[in-house]
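Asker: Listed here are the chains, written in short residue letters.
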Amino acid sequence: MKMNLNDNISQRLAFGNALADLGSEYRNLVVLDADVGPSSQTKIFKDKFPDRFFQIGIAEQNMAGIAAGLSTMGYIPFISTFAVFMVHRAGDQIRNAIAHPRANVKINGAYAGLPTGRAGATHSAFEDIAIMRSLPNMTIFEPADAREVELCTRYALEIEGPVYLRTVRCDVPVIFPQDHKIIPGKALILTEGHDIAVISTGMMTARALEAEKILRSKGVSVKLVHMPTLKPIDKEAIQEAAETAKTILTIENHSVIGGLGSAVCEVVAETIPCKVYRLGYQDIFLESGDDEELFEAYGLSSHCIVKKVLEILNK
Amino acid sequence: MLDHTKYLTEIANNLRKVVLKSANNAGTGHVGGSLSEIDILTALYFSVLNIDPSNPDWENRDRFILSKGHASLGLYSVLAERGYFSKELLDTFDQTGTKLQGHPDMNKCPGIDFSTGSLGQGLSIGIGISIGAELRKKNFKTFVLIGDGESQEGQVWEALMYAGVRKVKNLVAIFDYNKVQLSSMIQDNIDLEPFAEKISAFNWNVIEMNGHDMGPLESSLKKAYHLSGGGPVAVIAHTIKGKGVSFMENKFEWHGKAPDSRQLAEALAELEGGQAK
Ligand SMILES: Cc1ncc(C[n+]2csc(CCOP(=O)(O)OP(=O)(O)O)c2C)c(N)n1
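So the protein lines, in turn, are chains A and B.
First residue of the first sequence? That's 1 in our numbering, and the numbers climb one at a time after it.
First residue of the second sequence? That's 1001 in our numbering, and the numbers climb one at a time after it.
Just so you know, the hints here were simulated from the structure itself, not pulled from any lab data.
For glycine and all other residues, C-beta sits at the position ideal for the given N, C-alpha and C.
All the pointers check out, no bait thrown in.
Facing chain A, according to a computed beta carbon distance under 8 Å, are these residues of chain B, among others:
| # | residue |
| --- | --- |
| 1 | Met1106 |
| 2 | Ser1118 |
| 3 | Ile1125 |
| 4 | Ile1131 |
| 5 | Gly1132 |
Same shape as in the complex, but just chain A (with noise of 0.2 Å):
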C-alpha cells in the first residue's frame, strides 16, 4: 500500500490491503471472518480471493477451531474479529485447538484498546495482551503504524506457529519511512538518551515521538525504545535502558496489568532493578467517546506522556 511519512493511516486498512497483497505470494493463506469483514478491512482479501476466504458467521469459537483444522492442511489461516470477542470468546479455543498443540494459525485482534469507534467497555480489549502473553507458543506483534503493520502482517505468515497481531481501528500517522525495518523479537531504539528511557509499543509510540520532541526542547534527554514484539520480549533491550536511564515509563494502549509495562518490570526485578512508572488503562474499564478526548482523559496523550515526564524526574 502507497503512504508517505507523517500520513494519518488506519491500521486497519493496512492490515486489509497487506492481506490481499500477501495472498498472491502465500496461495495457502485463506482468511476466516465473524461478521466484522468491513470493519476489519479482511474484506479486501476477499474481493481478491473470494475461494480462499470464509465467512464463519458470528461464532469465534467455531471459527478459531475452523482455523486449527485447515492449518493441518498446510493452509495459514488468518482469523480476524475484534481482540475483545477473539481472545475471550474464542479464548479457550485459542489456548487448547492453536496454542498448545502450535496450529500454525495467525490471529488479528482488531478494534484493540479504546479506539473502537465510540463502542466503549464492551469491545474495547485493553487485556488482551494479558491473556494472550501467558500462553506458551504465542508471538505477539503490536505494530506502531500502517508500515510496520505491513512488516507484521508478513512476519506473522513468515514464523511457524500461532501468531498475535494487534491492530487499532484509528488512524495513525506513518512514523518510519519506506525502508522501515524490524526484526521480530528485537525492539528499535528511536533516540538516544540518558534522563528516562520511555518504552512504548503499537500506536503509542507515535506519541512516545511527539512527547520526546518536546522534551528535548525542554532539555530532558529521553532513551526512546519501540518494541513491535512483546512477545518475546526484548530483554537485553529492557536491560540496557535500565542500565542507560536508571528510570523507566512504559506506554501502551493497555492495561497496566499484564501488558508491556508488566513486561518490562518483569525483566528489570529479575536483571537491573530500577523504578519502571506505567501509563496505560489504570485497571478500568473504558468508556464511549471521542478518541482524543479519552485519550486525553486516560493520560494518553503526547502532553500528559510530557507531564508524566517532568513529573516522574521533578522538573
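Fit chain B with the ligand to the known structure of chain A by using the hints.
Answerer: Just chain B with the ligand now, kept in the frame of chain A:
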C-alpha cells in the same frame, strides 16, 4: 461376513480389558466413556477408515478426532492394537513423561490427528480439515467422535450450523449417545432430545443405530462414509456408558474413575465369561 463381525466384536471385547487394565495400572482414566466408544473405534480403525499405521502422517489418510478427549484410553488401546505404537506404551498412560497424556496430544502420540481435551471443539477442527481437503482436492474423510454431554457446548451447534449450511463434504460426526455425563444422567441434566431431529434440522443427514451391535454399527459407519461425499453426516450411536461391566454400566460414578484391583478382577471375569451383551 459373520466371521468378520465376530472378529471385530472379539477385538473390541479384548480392548475393553486393555482399557480396564491400563486404567487400573495408572490409577486414573475415564473408563465409562472409553467402554462406550470402544466398539465404534474398533469398527473405524479395523474396518472403515483408510489408514496406514506404519505411516501415521500419510497425507491421504482418513482423519479421526476424538472430540471427547477424556476417553483417550479407548483410543490409545485401539491405536496400540492397530500397531501405531507398542502396547507397552499403554503402561505409561498418564505417567510423568508419557506420550500417552491424559488427553490426546498430536505432538506427542503417533496417530493422533488433533489434540483435544476441552470439550466441544473437535467438530470445528474437523470442518477445518474438511475444507482444507476440498481446497486441496483430496477425498479423504474426517470422522469426529463427540460425547452427548459434550453436545451441550454451544460450539458444537455453531459447527453443526456451519457444516449444514455450507454442506461441508466428507465430514462425519459420530455421537456417542450413552445418556450419561460427568455428574449425572443426561436426562437429569440438560437433555438433548429430540436429538436426531435437531441435527437433521441443521441440514445434516442423520443415521441412528445401536453403537454396540457390531454388524449394524459397521454397516452404518460405512454408509455414513459414502453418504458424506454429498454433505455432512451425523451418526447417532446409542451406547451404554461403562458397557460390558455390569457394575459400571449407566453409572456416572464410573465416568472418570479407575477400577482398583478387586474391581478389575471382577470386571475381567465378567468380560471373559462373555456375559456382556
Ligand atoms: C469445556 C469442558 N468443560 C468441562 C470438562 C470436564 N469434563 C470432562 S468429561 C465431562 C463429561 C462429558 O460427558 P460426555 O460428553 O457425555 O462424555 P462420555 O459420557 O462419553 O464420557 C466433563 C464435564 C471438559 N473437559 N471440557
